[in-house]
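Student: From just these sequences and the hints, can you work out the full model?
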Amino acid sequence: MGAGSAELTCAYRLKQKGISSTIYEATNRIGGRCWTRRNYFEEGQIVERGGELIDTGHIEIQKLAKELSLVLND
1 MGAGSAELTC AYRLKQKGIS STIYEATNRI GGRCWTRRNY FEEGQIVERG GELIDTGHIE
61 IQKLAKELSL VLND
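Residue 74, in full-length UniProt numbering, is where the sequence shown stops; the numbers in between run on with no holes.
Certain hints may be false.
Here are the simulated DSS-like cross-link-like pairs (lysine-lysine), alpha carbons at most 25 Å apart as the crow flies [said to hold, decoys possible]:
hint, residue 1, residue 2
1, K15, K66
2, K17, K66
3, K15, K63
4, K63, K17
FRET-style restraints, in silico, Cβ to Cβ [unchecked claim]:
hint, residue 1, residue 2, range
5, E43, K15, 33 to 43 Å
6, K66, R37, 38 to 48 Å
7, G50, C10, 12 to 22 Å
8, E43, S21, 37 to 47 Å
Just so you know, the hints here were simulated from the structure itself, not pulled from any lab data.
A virtual CB, placed ideally from N, CA and C, is assigned to each residue, including glycine.
Tutor: The structure is reproduced here in structure tokens:
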């Protein structure tokens with residue numbers, strides 16, 4: 001499987017069940033369609049691409065973020 005957010009979540013869940021998996025990514029970074037572009041703007045500003053909106057309707061991704069102790073900024 002690749003290294004997009006769905007595939008990484010799948011690999012994580014498989015590992016929780018004791019099942020090993022292998023990640024094969026075609027590009028030089030993980031995250032699939034979601035990534036951070038650093039130095040995209042002047043003065044060191046960054047831009048989030050693809051994953052910039054997680055709202056109240058995205059319940060499963062909110063649960064996963066909490067499980068992984070990730071902070072979501074509103």
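Student: Each hint: holds or not?
Tutor: Evaluation of the provided hints:
no., hint, verdict
1, K15 to K66, "holds, 18 Å"
2, K17 to K66, "holds, 19 Å"
3, K15 to K63, "holds, 18 Å"
4, K63 to K17, "holds, 18 Å"
5, E43 to K15: 33 to 43 Å, "holds, 40 Å"
6, K66 to R37: 38 to 48 Å, "violated, 26 Å"
7, G50 to C10: 12 to 22 Å, "holds, 18 Å"
8, E43 to S21: 37 to 47 Å, "holds, 41 Å"
Figure legend: structure checked against the earlier numbered hints; the only hint not met is number 6.
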